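Undergrad: For reference, the chains in residue letters:
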Amino acid sequence: MLPSSDTIITGQLSNGLRIWVYENFESQTVLVNGYAFGGYINEGPDEQALADVVAIMLRRGTEQRDYDALNDAVESVGAFFGFEAGRHSLGFKTYSLAEDFDLVLGLLAESLISPAFPEKELEKVRSRRLTQLDERKHSTRSMAAIAFNQQIYPPGHPYRVDIDAEIESVRRVQREDLMRFYRTKVSPQGGIVVVVGAIRAEEAIARMDQILGKWQHPHARPDTNIPPRPELTERKEVRVRIRGKSQSDIVLGWPGIHRAHPDYDAILVCNTLLGRFGLGGRLGARIREEMGLAYYAYSTFNATRGAGTWHIDAGVNPNDVARAVAAMREEVARIVNEPVSAEELADVQRYLTGSLPLQLETNSGLASYLLAMAWYELGLDYLQTYDARIRGVTQEDVWRVARTYLHPDRYALAVAGPDPKEA
Amino acid sequence: MHPIVTQTLPNGLTVILAERHAAPVASFWIWYRVGSRNESPGLTGISHWVEHMLFKGTKTHPHGDFDRMIQREGGNFNGMTWIDWTAFYTTLPADRIDLALRIEADRMQNALFDPEEVERERSVIIAEREGNENKPAYMLREQVQAAAYLNHPYGHMVIGWKEDLRRITRDDLYAHYRTFYTPNNAVAVAVGDFRAEGMADRIEALFADIPAGPEPPSVRVTEPPPRAERHVVLHGPGGAHHLLIAFQSVPAHDPDFFALSVLTAVLDGARGLPIFGGGGLGRAARLHRALVNTGLALSVHASLAATLDPYLYTLYATVQPDQDRQVVVQRMLDELDRLRDEPVGEEELARAIKGTRAMFAYQSENVSNQAMGLGFASLVTDLHWLDTYQERLAAVTPDDIQRVARRLFRPENRVIGWYVAA
Chain A
1 MLPSSDTIIT GQLSNGLRIW VYENFESQTV LVNGYAFGGY INEGPDEQAL
51 ADVVAIMLRR GTEQRDYDAL NDAVESVGAF FGFEAGRHSL GFKTYSLAED
101 FDLVLGLLAE SLISPAFPEK ELEKVRSRRL TQLDERKHST RSMAAIAFNQ
151 QIYPPGHPYR VDIDAEIESV RRVQREDLMR FYRTKVSPQG GIVVVVGAIR
201 AEEAIARMDQ ILGKWQHPHA RPDTNIPPRP ELTERKEVRV RIRGKSQSDI
251 VLGWPGIHRA HPDYDAILVC NTLLGRFGLG GRLGARIREE MGLAYYAYST
301 FNATRGAGTW HIDAGVNPND VARAVAAMRE EVARIVNEPV SAEELADVQR
351 YLTGSLPLQL ETNSGLASYL LAMAWYELGL DYLQTYDARI RGVTQEDVWR
401 VARTYLHPDR YALAVAGPDP KEA
Chain B
1 MHPIVTQTLP NGLTVILAER HAAPVASFWI WYRVGSRNES PGLTGISHWV
51 EHMLFKGTKT HPHGDFDRMI QREGGNFNGM TWIDWTAFYT TLPADRIDLA
101 LRIEADRMQN ALFDPEEVER ERSVIIAERE GNENKPAYML REQVQAAAYL
151 NHPYGHMVIG WKEDLRRITR DDLYAHYRTF YTPNNAVAVA VGDFRAEGMA
201 DRIEALFADI PAGPEPPSVR VTEPPPRAER HVVLHGPGGA HHLLIAFQSV
251 PAHDPDFFAL SVLTAVLDGA RGLPIFGGGG LGRAARLHRA LVNTGLALSV
301 HASLAATLDP YLYTLYATVQ PDQDRQVVVQ RMLDELDRLR DEPVGEEELA
351 RAIKGTRAMF AYQSENVSNQ AMGLGFASLV TDLHWLDTYQ ERLAAVTPDD
401 IQRVARRLFR PENRVIGWYV AA
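Protein chains in written order, with my numbering: chain A, 1 to 423; chain B, 1 to 422.
The hints are simulated quantities; they were obtained by calculation from the structure and are not laboratory data. One or more hints might be untrue.
Computed, partial: chain A to chain B, Cβ under 8 Å [what the hints assert, rightly or not]:
| hint | residue |
| --- | --- |
| 1 | N71 |
| 2 | S96 |
| 3 | G315 |
| 4 | Y351 |
| 5 | E361 |
| 6 | T404 |
| 7 | P408 |
| 8 | D409 |
Computed list of lysine-lysine pairs in DSSO-like fashion (alpha-carbon distance at most 30 Å, straight line) [unchecked claim]:
| hint | chain 1 | residue 1 | chain 2 | residue 2 |
| --- | --- | --- | --- | --- |
| 9 | B | K135 | A | K421 |
| 10 | A | K236 | B | K135 |
| 11 | A | K137 | B | K135 |
| 12 | A | K137 | A | K236 |
| 13 | B | K354 | A | K93 |
These numbers were taken from a predicted model, which means no experiment stands behind them. Where is the CB? At the ideal position from N, CA and C, for every residue including glycine.
The following block holds chain A by itself, in its conformation from the complex (with noise of 0.2 Å):
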């Protein structure tokens, strides 16, 4: 049975955060997700990754335990608890045996309510996070898709991505940072705490007021805006050098929607359809198995709570690359000037529509789901209408999106790789 407003058992704990419970019984763990206000957009304009290290350092040590006290209790019972910062968001997260759920949760509010972002632990966070960065300039994935979102968002824009800055601002971030940030930007108010699991809904929502409700930040501001939607007015091409790599990457795409817009379940079929179905949908049908050119071709759409990106992934030999984009392009230009077979269509609408027991059947499936549900505000019987609204897209509907959002002229590309002659 799909959860919904029957079975998903709503409240709210005296911080202001929202609460969400769905109880399943056959499994034996509890699973805490949430998400609080704050994140990226909340950062400076000199403080690219404030949000990442707040989160890192959230999980490093707390007024009463240090870094190592933690590991010890979380790990002796083999439960986990972790931060993330998204662009909006500051998530958290934990998993336990049902047995200890009382012990994990704790952990959690403890490292909440009185973190102590210790000296000791920043400069540890600070070597690894800068290594790391240097790493990922010698990745060719993450270079094209860093650089393909400098094509999508323009300077100043909250969702760009500027490694640089960000090595920057990580060598210069003080303990004092940290905290003015998860003071004033970070907060609970109005956020949302999903638990799935071995629990009875009534006593999670007590245990979670309880041991959660007690973290407050009555004096924190994030900043709840939504971004303006980048445009792409015209065709932006990158070409990143690495070298000494036998692989190129490459995305191309373009702006896309937010997750709440009404045409993303639209998109949803579309997308499925160009670049996801079987191996790849038409993308790994033409350049994996026709051309032979990948071992991945895909297309991937993101949504948050502001414009996301819509856009093609390959990996070729450095040669193939030319060859690899035409392809994208003439499959863009197919779905963009000719409306999809009724068959395809169904073909996608019966796997997005099938596949969904196999999505919900463990905790952190569910969980997922849930957590998305309130925190774009679906509703609760997003699970129930889901069905209906993917058979209700019509082909005039994807032929109607694939026109407005994706265009085979103007397009951001971006390559990172070697260059030929050296592969």
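Once you have looked at the hints, place chain B on chain A.
TA: Okay, now just chain B, sitting in the frame of chain A:
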């Protein structure tokens, strides 16, 4: 918990069934006793390539549209080739699982290996390999593995050497398929929301008429005892150095395997079933404390895989470029000496056991993982090994851990490999 049913069809196909009614889904797997372990020089990577070809069409489905057929019914699928085995799985809404049985029965006997498809797949696999070559950790692993084995086919990576991938022919592939992908060399596993009796009947109806093949050739190679410590150094671009220390390990059926498993949890945290190896979460475990918390390494992991023959037990670290590399190696080896010289405390043992129980609980939340565990165990040892896994971990004593540390962590049994970033 519903019981697990096993049977063997007259053609030699082993069948393992487990009803699980938690969700309306089912997973069907076919496991073949063939992997890179069964490959000869010149034919490295052939098993993985055959796996790819089994998505490429049969007499009844010449265009190889299995991927689309499965997804049209809402299913997930994949194939995977490892050193000891090759597996194909499909997970579907339970009322549609019969499709997976029909596909596997078809490609067990009717795969075409069309020459044009073989050529296209050659370049796809070379692209897959070139994607791996972009990663320093892969390049280091490949060299260390080659240095670790004088004779055993575990010395090459599953994907194979590029030189072999350029030369393997359609006939080589087809001969490999006919030799190893037979019912008598396979195990079928189904787990999910079905009745075992009905499932057994359908498997029999679809698979029983597939003729058994000749007994596949066994792997005759035994790796000679290692006599020399080996050092491998690669240079390449990167922002961090990578260190891999590899020891010849014990196979899954060895009584010391469970002590080694607990030892691994002490070094690097608990983990679930050690199918491919890979690191644990252990930030409270010894390696993380000794190397990461002290700033010597960015990350560190120990990896144990349950295998048919002695595979590699590895310790892996990424290291900042300004670090003294010799100090890092020594610190890692010191931790191994400590395991040999001092008994592990009760608290660390208890954490390893509890942690493993939790990892098994997380892993078993979906039918695909449950089926994978059953198939994997039946290939590398037997189902009893899986059934008693946690009990046998709990029975490991501090003496056992010291004994296995003495057995493995000897200089002549190791390769120390560096990828030095420049």
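Undergrad: Please go over all the hints and tell whether each is borne out by the structure.
TA: Results for each hint:
Because the closest C-beta pair between N71(A) and chain B is about 4 Å apart, less than 8 Å, the hint holds. Among the interface hints, the one on S96(A) holds; its C-beta lies about 7 Å from the nearest C-beta in chain B, closer than the 8 Å criterion. At its closest, the beta carbon of G315(A) sits 5 Å from a beta carbon of chain B; the interface hint therefore holds under the 8 Å criterion. For Y351(A), the shortest C-beta to C-beta distance to chain B is roughly 4 Å, which falls under 8 Å, so the interface hint holds.
With its C-beta approaching chain B no nearer than about 5 Å, E361(A) sits inside the 8 Å limit, and its interface hint holds. About 26 Å separates the beta-carbon of T404(A) from the nearest beta-carbon of chain B, more than 8 Å, and the hint is not met. Annotation: P408(A) was flagged as interfacial toward chain B, and the flag is violated, the nearest CB pair being 24 Å apart, outside 8 Å. Taking 8 Å as the C-beta contact cut-off toward chain B, the hint placing D409(A) at the interface is violated, the least distance being around 27 Å.
Annotation: proposed proximity of K135(B) to K421(A) holds, straight-line Cα distance about 20 Å (limit 30 Å). In summary, the hint linking K236(A) to K135(B) is supported, as the alpha carbons are separated by about 28 Å, within the 30 Å threshold. Note on K137(A) and K135(B): the hinted pairing holds, with a Cα-Cα distance of about 12 Å set against a maximum of 30 Å. Using a Cα cut-off of 30 Å, the hinted pair K137(A) and K236(A) holds, with the two alpha carbons roughly 21 Å apart.
Between the alpha carbons of K354(B) and K93(A) the distance comes to roughly 20 Å, so the proposed pair stays at or under 30 Å and holds.
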